[in-house]
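Undergrad: Start from chain L and add chains Y, D, G and W according to the hints.
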Amino acid sequence: MINSLYRPASGGLMIELPLDQLTAALRDPQNLIWIDLSGDDAGTFQALLTETFGFHPLAVEDALVESHIPKVDDWSEYIYLVLHAVDFDHDQLDLDTHEVDFFLGPNYLVTHHTEKVAAIERVRRAGQRDERHLMRGSDYLLYELADEIISDFMPCIDELDEEIDRAEDEVFDRPTAATLSRIFTLKRATLHLRRILSPQREVLNRLARDDYAPIEDKERVYFRGVYDHLVRLVDINDSMRDLVSGTLDTYLSVVSNRMNEVMKVLTVVTLLFMPLTFLTGFFGMNFFGATYEVTAPTDGKLLLVLAVLSMIGTPLLMWCWLRRRGWA
Amino acid sequence: MINSLYRPASGGLMIELPLDQLTAALRDPQNLIWIDLSGDDAGTFQALLTETFGFHPLAVEDALVESHIPKVDDWSEYIYLVLHAVDFDHDQLDLDTHEVDFFLGPNYLVTHHTEKVAAIERVRRAGQRDERHLMRGSDYLLYELADEIISDFMPCIDELDEEIDRAEDEVFDRPTAATLSRIFTLKRATLHLRRILSPQREVLNRLARDDYAPIEDKERVYFRGVYDHLVRLVDINDSMRDLVSGTLDTYLSVVSNRMNEVMKVLTVVTLLFMPLTFLTGFFGMNFFGATYEVTAPTDGKLLLVLAVLSMIGTPLLMWCWLRRRGWA
Amino acid sequence: MINSLYRPASGGLMIELPLDQLTAALRDPQNLIWIDLSGDDAGTFQALLTETFGFHPLAVEDALVESHIPKVDDWSEYIYLVLHAVDFDHDQLDLDTHEVDFFLGPNYLVTHHTEKVAAIERVRRAGQRDERHLMRGSDYLLYELADEIISDFMPCIDELDEEIDRAEDEVFDRPTAATLSRIFTLKRATLHLRRILSPQREVLNRLARDDYAPIEDKERVYFRGVYDHLVRLVDINDSMRDLVSGTLDTYLSVVSNRMNEVMKVLTVVTLLFMPLTFLTGFFGMNFFGATYEVTAPTDGKLLLVLAVLSMIGTPLLMWCWLRRRGWA
Amino acid sequence: MINSLYRPASGGLMIELPLDQLTAALRDPQNLIWIDLSGDDAGTFQALLTETFGFHPLAVEDALVESHIPKVDDWSEYIYLVLHAVDFDHDQLDLDTHEVDFFLGPNYLVTHHTEKVAAIERVRRAGQRDERHLMRGSDYLLYELADEIISDFMPCIDELDEEIDRAEDEVFDRPTAATLSRIFTLKRATLHLRRILSPQREVLNRLARDDYAPIEDKERVYFRGVYDHLVRLVDINDSMRDLVSGTLDTYLSVVSNRMNEVMKVLTVVTLLFMPLTFLTGFFGMNFFGATYEVTAPTDGKLLLVLAVLSMIGTPLLMWCWLRRRGWA
Amino acid sequence: MINSLYRPASGGLMIELPLDQLTAALRDPQNLIWIDLSGDDAGTFQALLTETFGFHPLAVEDALVESHIPKVDDWSEYIYLVLHAVDFDHDQLDLDTHEVDFFLGPNYLVTHHTEKVAAIERVRRAGQRDERHLMRGSDYLLYELADEIISDFMPCIDELDEEIDRAEDEVFDRPTAATLSRIFTLKRATLHLRRILSPQREVLNRLARDDYAPIEDKERVYFRGVYDHLVRLVDINDSMRDLVSGTLDTYLSVVSNRMNEVMKVLTVVTLLFMPLTFLTGFFGMNFFGATYEVTAPTDGKLLLVLAVLSMIGTPLLMWCWLRRRGWA
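Residue numbers (the working numbering), protein chains in the order written: chain L, 139 to 466; chain Y, 139 to 466; chain D, 139 to 466; chain G, 139 to 466; chain W, 139 to 466.
Isolated chain L (complex conformation) (with noise of 0.2 Å):
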């Protein structure tokens, strides 16, 4: 789907402009178009890209047909670009991402998409209500873009650290497989953000200092802005990698101090009950049925009370011996 925002140099503005008056319009440096291609069509893209526009074949085939990392072209008297917006689906913590190409010239900024990018919808939308989003040129059009795009990233941290504290928490408390689960996931989330937010924060850099041919100079501060914005998302993703490693690490312990408490129960259960088992089964042999059949009664309740006092003993004794070990 082709949609366009045309302010001419004589003021107005023109939602959707005809592909057959795209060409007379670039001409003159005054005007401002904006053109956002979404979706599959990549034949009439690539028509579009390479004889209105002019773009090198090279450039068309990254925006239309490979993926690509962030990273900046410069093509002298227009500039390539590549930026991921994020989708970030809060339930499963599923962080996806959406390549956007831009081409940006003197007088014209086009945006390319496959799927749809919530941060472009809101410009076009604030572009066709208040015609003033358009005036200060094409330069200043790809800032309000780029700061829209990676503004969205921000929920999804938070989200992230909140989650991150959710299972570090869970940790101490209750460590279960799924905790485990959960922490792998948001390893993995950390991780895919880094190689989205780390390419993209070297993009705003150059961008910031760089002399490009299509950003005048004094409006390369609003990119430094963003830059700045970047700097502290990578920043604090880095913090976040170094805590999840954290519980990981945590996690092994906790499990194993629990593991111990569950062994030292054992231990000392088996240590006062495996004694007292032997003794009654001492106690239990026939042959002092046969003694003290053929001898007295006395005798049998001297022998109980011999057995009960050692078995009352025999604990008494381990407790102490584990009390001094200092394990109960």
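In case anyone wonders, no lab produced these hints; they're calculated from the structure.
Just to be clear, a hint being listed does not mean it is correct.
Since copy identity is lost for identical chains, a pair holds within one copy or between any two.
Computed list of lysine to aspartate or glutamate pairs in EDC-like fashion (alpha-carbon distance at most 20 Å, straight line) [to be verified]: (1) Lys356 - Glu215; (2) Lys254 - Asp376; (3) Lys356 - Asp212; (4) Lys254 - Asp290; (5) Lys209 - Glu340; (6) Lys356 - Glu199; (7) Lys356 - Asp200; (8) Lys209 - Asp307; (9) Lys254 - Glu237; (10) Lys209 - Glu199; (11) Lys402 - Asp285; (12) Lys356 - Asp285; (13) Lys209 - Glu286; (14) Lys209 - Asp290.
TA: Just chains Y, D, G and W now, kept in the frame of chain L:
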């Protein structure tokens, strides 16, 4: 709340400068004005910063709206600076930071912070008591504030270091789940500190090294002192992080070690008593009873002696075997 | 074996150029010659490379004798290049690489490889079918080969990624020694890939950025495309390595967790039945028999009731205690 | 305490130069004066450093008040240097460091340290015995001091290395909690050493490479020697850290291994005796007694044979099963 | 011992050059002299190096007294170089290194080593047999020596690689404490190798890249070949280190896994037999005896049947429960 200190070129000190005299006061480069904006009154602050001082809207937005990691932005006539002051809760080991924004111009310093910052209070009170603090220009005032803010990290780092020592002792003496939880808290704190200190160090490095219009060359050496201090803090913090990680590893080893001890006791007890229990069961079977009843009591006594001897012999043999394996 | 493709400046395409015409063909800078040396015939190859082409002995030795990590050497009129093609056994996850040596001159390309390399085959067949592949000069031909060689890494990386997913699922569902062995194999594979991809990326970066005589300025942008592809591959591979390491850590945690479960069951069973066994032993001692025989059967029944009650009460008490500790 | 060595241009050597002659002595660039300030007498030292030598207040404060990691500050006519001397307690493996501050001018060297530093003592005594140590200028004197200070690290590193060897042997032979504690102490020591050695290396690198007024070009090569020495020390220390970490990992593995052995013994014993105990219990039930009493003694003997055979057969079967699993 | 090779400009080859002719021989820049100093005769060597060759005392001290990590020092007319030759004990996996010092001048090469170095022997013998080895100048001679020294690392690395494979197989098949000990030895060896190879690579990089008076520009390309070789060795060694670390982690996992198996068997046996033992004890109590004696033998038989049925039913129930949990 707006607090101000004003030292006119003509001498004297005015503690609260009415805002309507501010524009006049700023005009004379020999004057020195320090405006401290604290709290949430973003509307008033924005008007003041944008209109009276004429700061760039992006810089004002950075100061009032967004939160940032420490950085320095050069806006040619003035510089915009973000530092973080620490607020340490000694009981909870809870490390909080307050963002402080600085606008440093040739004859003024504007500070902005939402929460109360102890270091700023101290410098303001010193400035009110003794006007010499304001005699050396806005850059020296900035140095004094930065120095105080950074110095406040030292007691916090000392406390963490002691806490790590304590945790480490606990790991060797009596490792519990609470120890583990404290180690994790310490890890979080050192991670947090690093996130605050490293960019702060970079900011001070740039102040000490780069050329900024509002900072005189001969004052730069003071910022180098603060920078050196930060280098040391970062360094100590890195060592602390290594130690905390080491403590976590050690925890696991200590717990494993203790479990090993517990298992040995369990195994030794089982080894000694299981054969005994078997023997009592064996000699307790009724067949012997059946046999001796039809033969003679002496047979019963013989069997009893045999049983007792085997019950003494078996654990002795086991004991020898255990000693040979080095378990007892 | 020596395969050649020859496109004279006068047009047309010659598939196997006799070696004695080679020197003449090389003389016209408008011709394009691609010589592909495959197999082990080092003697013939050395003669050809040293005498006909006049390459430096060190470069020829690099190509024919020693094995190398990917690199590019600038010998001014020509460049010497080493790339590694992947040969992936999908069943064994066995990753093998074949070294490919390139000599790129202004109007020729010499490739050398000991084993059959699929990517080279494909490009040669394409060149035989359609001479346009040879119209754009030797540098574009090198690009086509490099692009094919690098593209072959993608399916291999995809397969590894899926395998990691599978291993991870196995770790949570049913961790066995075979899982561990597979994780280790995956770790080895990602390590191996990194060893191949990183220097390869560096080589392409240099081709895309530096000035080499045989590569025209306008063709360099194509190498940048291959470089971008490699950046992404290295990036994905690094993420995979982190995931594999995480899976190994998780394995340990899952196994610990399971052992904990097993230990709990063991301890609970021991706790419930050890006291019961003691009680049966206790009430099974002959003293009771001695006693009731001389008194009355009712006493025996009383004792039986007492025994059964204590045998019901004891495990109930134990169960309550276990519930309070959260074990059952 | 203030110790001084003074070699006038006119020759001869004065061991304790009265402070009132100092200013005069400093005036002749051919003289050489070494002032060594030791102890805590900050007041006197500050007066001397600030007034007589005219050092910058910040440098004096660095020297007398704050503690620092090693660094070098260039104050154009003189340089300020911080090094750390080691003080190693061989019994406790306790590594302490003493800060030494240097002010190096064209014809003087001022050293300051709070504690006694063996390396400085040695150089001073050598200088007192033989004035040739003072013939080559203040920069060579600095070199001699730095060389001695750095050389003192070697025995300390040797001792740690041996201690690591010993700990490692212990881990394999007889791992105890004390071993663990020692490994942790070693880890701390290597961490501490790295914190001292790395910045010190950087300082010497700058002395050997950069241009400082008080250091003659031809003397710089001596500092390169000290720098090489430090490079080696840092290198050995890094290896030691890796070894200590490896020892900690190995500890865990060894303990796991031993626990595994213990568990196997426990399991084998349980496997062999639990069925036996059941069998004795089974054949010990009174029903058999009831049965044979009313039948015949031969039945009893038959049952006895049956019982004994099953008690021999069961452990034999178990043993075979264990052998097949490779546990016995 | 002093060995020398001397090729005068006039041709011919003199194997042992008398030291008193050395000064004369050095005077003609067309001559080539190689002096090899081996053993401990520091006094003689020092005189030769300092007086005859006139090397700087620091360089001579570096060569004769101190031990160094590989480095290259530029003394303008000559360069001083340290390389390390490997001496590998294949049986003990014991990696020893011998320091070799080189002084390279325009027409001479001086080598010094305390122990016998195989690579030097080989080059000397080749030079004695065939004077062409000495025709290409002192820099080419240095290249030949460096190449031989570095090539000797390859078999040692191959051996370690195989040993790692073997250790890894052992970890999965039959992990013992000896395996652990071998893994640790391998870790030490790879650490040691890295410590030797990395600075050596840096040295060769500098020889291949930087401008040194005694090395002709056209010979530098040979050092690049040695450098490439070292890059590969370092690279393989790094991979080996990762593999060794992975093997250590895997060891822990495998041991945990095996312990889990052992625990499961213990638990299953305990679960099956503990209730049985209780039942035999329960039915073995004398109360039953008391009861049936006064009633009828049929009651006894009934109880016997009941007992046997419960003893068959209980383990069956347990077995079903175990199957449901997936343990049997």
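Undergrad: State for each hint whether it applies.
TA: Against the structure, the hints come out as follows:
1. For the identical chains of this complex, Lys356 and Glu215 are neighbours both inside a copy (18 Å) and across copies (16 Å), given an alpha-carbon limit of 20 Å.
2. In this homomeric assembly, Lys254 and Asp376 never come within 20 Å of each other (Cα to Cα): the closest approach is 29 Å inside a single copy and 29 Å across copies.
3. Taking CA atoms no more than 20 Å apart as the test, Lys356 paired with Asp212 passes in both settings, with 19 Å inside one copy and 14 Å between copies.
4. In the homo-oligomer, the alpha carbons of Lys254 and Asp290 lie at most 20 Å apart inside one protomer (14 Å), although the nearest pairing across protomers, at 31 Å, exceeds that limit.
5. For the identical chains of this complex, Lys209 and Glu340 are neighbours both inside a copy (8 Å) and across copies (17 Å), given an alpha-carbon limit of 20 Å.
6. Taking identical chains as interchangeable, the C-alpha atoms of Lys356 and Glu199 lie at most 20 Å apart only when they sit on different chains, with a minimum of 17 Å there against 32 Å within one chain.
7. Taking the shortest alpha-carbon separations for Lys356 and Asp200, only the inter-copy value of 17 Å comes in at or below 20 Å, while the best intra-copy value is 29 Å.
8. Proximity of Lys209 and Asp307 under a CA criterion of 20 Å is satisfied in neither setting, with 39 Å inside one chain copy and 33 Å between copies.
9. For the homomeric pair Lys254 and Glu237, the shortest alpha-carbon distance inside one copy (10 Å) is at most 20 Å, but the shortest distance between copies (37 Å) is not.
10. Proximity of Lys209 to Glu199 under the C-alpha cut-off of 20 Å is restricted to the intra-copy arrangement: shortest distance 14 Å within a copy versus 28 Å between copies.
11. Taking the shortest alpha-carbon separations for Lys402 and Asp285, neither the intra-copy value of 58 Å nor the inter-copy value of 54 Å comes in at or below 20 Å.
12. For the homomeric pair Lys356 and Asp285, the shortest alpha-carbon distance inside one copy (17 Å) is at most 20 Å, but the shortest distance between copies (34 Å) is not.
13. In this assembly of identical chains, the alpha carbons of Lys209 and Glu286 lie at most 20 Å apart only when taken from the same copy (18 Å versus 22 Å across copies).
14. Proximity of Lys209 to Asp290 under the C-alpha cut-off of 20 Å is restricted to the intra-copy arrangement: shortest distance 19 Å within a copy versus 23 Å between copies.
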